[in-house]
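Protein chains: 2
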Amino acid sequence: MSLIVQKYGGSSVADAESIKRVAKRIVQTRKAGNEVVVVVSAMGDTTDELLDLAGQVTPLPEPRELDMLLTAGERISMALLAMTIKGMGVDARSFTGSQAGMITDARHGAARIVDVTPVRLREALDAGAIAIVAGFQGFSRETMDITTLGRGGSDTTAVALAAALGAEVCEIYTDVDGVFTADPRVVTKATKIERITSEEMLELAAAGSKVLYIRAVEYARRHGVTIHVRSSFSNSPGTYVYNPKDGETVEEPIIAGVAADLNEAKITIVDVPDIPGKAAEIFTLVATTGANIDMIVQNVSAAATGRTDISFTLPKAEGLRVMQALETQKDRIGFSTLQFDDQIGKLALVGAGMRTNAGVSAKLFTALYEAGINIEMISTSEIRISVVTRADTINDAVRVVHTAFGLDGEQDAVVYAGTGR
Amino acid sequence: MSLIVQKYGGSSVADAESIKRVAKRIVQTRKAGNEVVVVVSAMGDTTDELLDLAGQVTPLPEPRELDMLLTAGERISMALLAMTIKGMGVDARSFTGSQAGMITDARHGAARIVDVTPVRLREALDAGAIAIVAGFQGFSRETMDITTLGRGGSDTTAVALAAALGAEVCEIYTDVDGVFTADPRVVTKATKIERITSEEMLELAAAGSKVLYIRAVEYARRHGVTIHVRSSFSNSPGTYVYNPKDGETVEEPIIAGVAADLNEAKITIVDVPDIPGKAAEIFTLVATTGANIDMIVQNVSAAATGRTDISFTLPKAEGLRVMQALETQKDRIGFSTLQFDDQIGKLALVGAGMRTNAGVSAKLFTALYEAGINIEMISTSEIRISVVTRADTINDAVRVVHTAFGLDGEQDAVVYAGTGR
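Line by line, the protein sequences give chains A and B. FYI, in the working numbering the residues of the first sequence are 193 to 613. FYI, in the working numbering the residues of the second sequence are 193 to 613.
These are computed hints drawn from the structure, not numbers from a lab. A portion of the hints provided could be inaccurate.
The list that follows gives simulated cross-link-like pairs (lysine to any residue, SDA-like), each with its CA atoms no further than 20 Å apart [to be verified]:
no.	chain 1	residue 1	chain 2	residue 2
1	A	K216	B	K212
2	B	K212	A	P255
3	B	K212	A	R343
4	B	K212	A	G236
Here chain B is said to cover these stretches of chain A; the calculated rule only asks that three of the stretch's residues, wherever they fall, bring their Cβ under 8 Å from a Cβ of chain B [what the hints assert, rightly or not]:
no.	region
5	254-266
6	536-546
Each residue gets a CB set at the ideal place from its N, CA and C atoms; glycine is no exception.
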């Protein structure tokens, strides 16, 4: 008998009808002879509604109380799901994060998992029941308080339970068919990826693919969990995110996919003294703001002036904070002006095959050049090349790159209403 | 420093504005130098909305899962209240029933309290914080599961914590000014009762007064807790429900108040053989339906026939079930017909002073007779007289009795919109 962990997001359990539909799928999995653990998010917009209520009573909610508040969301969905399955004549029991043994540190709102002890889930499974677990939430042994893992935490709960219980696969149900070679809303010929390594998936997620949360993929990679991303609206297989064994030859396509991100902005620090330690000084300062810096580019120094420009990208929402921090240290750093540009787009080409295939960058740059798209920044990792272009050219850029690397499918991809999440 | 337990019902925390208003009152109590424990119900109609959702997914929700579902309601209100108080700069911490040490048996939906161990509340109080506790919910040590105490459970939670923590008083906040000598919507001259014994309060609650739940009053009586029922919309004192010490002379008015109940129906079993054991047979059968029988009257047997009629009252909602049960056993019991009458009203006159004051019944019957109101059934306890009349005469009956016993006040009582709960 294999053990399968299934995770259903908020849109899959948005109302009574959706919950009944999901319950049927879970019961089918159980009746096919599997042990089933289900991780569930809060219904539809519940979390946002609770956050809104919190905002109405106080401008800066106490993190401990905010966690207490938000965990009510999964409590509702898991209880409804369990009673629906029970009503279908199949044994099911719901468990809070705490009851499921999701032990975390005490960092409210962004708790890290420190231990997973699913004793009660194992007991329920041994008794023949389906275990329904609240995603997103945990329990701190240190403070005896309820915690949450932060947005996307339900994916992480599912992967962590799959690891702790030795599940065969962790199925993440969403409202798209799987991971695509590019966003099907932009590239109509985008094709569903059947198999992708967790390393590639990490790069795609970091580059803007929203199907899986980076944190869950990282956890899966570290603990050897296979993820199956699939649609809760169909029975067709989705995308397997797997971990190749050491030395295993990955006979996969060179390129896994193309991702685009329009949520970043670029800050340029103009006329910085080109002396050792300057970059360290700047980014130590930026780090104090807690901003997530992505790409960094330093122009070649103009020999005559001994000064240089430094550009970096970061999420738009963090722009103002970082600009202010830099401005206060203008004299100490010694730059002349700051430029803020939120009209950029970032394209990332990801593929484990890049490691051993020369010419990938050349092909990428050529495709963009032939389409008349200007490249403003470049950064690379072992299995990823990212470029920054003007925001209004990013969709064209994704399409030409998708075609250039032979990723276009025969047919147009099916795009559901309200796709993405 | 005295410890005060305050309980706020759903209408007192129905939205963000109400929560802020309640938070101010709690902070005032704390700043007046008291230790404060607050018990809170779910916001407004949350519980009914959750029950409705459950009904949408399955006709007969599993009790364990229903408890898991419903307890989300108080989790939301207590977290919002705690963060509101925190936002006002006063330390506050919320606790679930389980965290507050409300240990119950495992009877889901109607759990009984078996132990109260408010260790974490005591710690929070010692640290100078206000403790906010979810009402209505508990935890079974036996099954390690979450339980609920049933409707009105929040009052019981408050009284139980007041007992366990040795509180000076348990304040139950509601949307009326206190307990009245009669329903102010019926008797305009009804007056607020300043002090009433828990014994009298029990009889009033059993007779239809909806201000306090019987169970909470019973708990308070058994554990010597003083309850102060008051309005969350004003600062004036409400009604103290107290426990006279042994031998204490109760120098209170003879009559505490008049209550009326229109939710009962009467079943009459016609032509029952008047032989020993027949009543036992009938009410053993009725007991198997779980119905709550109130008054029972057996007519004098007609000597010629050797047969009698037996009437009893019960909540209307339970009528059909009991009628069906009796009908199936018609031949065995040997009656001729069943009559169902849901047009009755029950009036109860309550007062500890009755014990030592003769003539109370005579005065009651005379007042009703003079008003032309017919009495259909009579039942008495040591401190209560109940009579059944036609439903459409019950309000007149309450008014004439209220006047006859000198309970009318000088001024009309203030009736709030949406009074009662």
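We went through each hint and held it up to the structure:
1. K216/A to K212/B: Violated: K216/A and K212/B sit about 43 Å apart, past 20 Å.
2. K212/B to P255/A: Holds: K212/B and P255/A sit about 18 Å apart, inside 20 Å.
3. K212/B to R343/A: violated (28 Å)
4. K212/B to G236/A: violated (27 Å)
5. 254-266: holds (count 9)
6. 536-546: violated (count 0)
In the structure shown, a violation is registered for the earlier hints numbered 1, 3, 4, 6, in ascending order.
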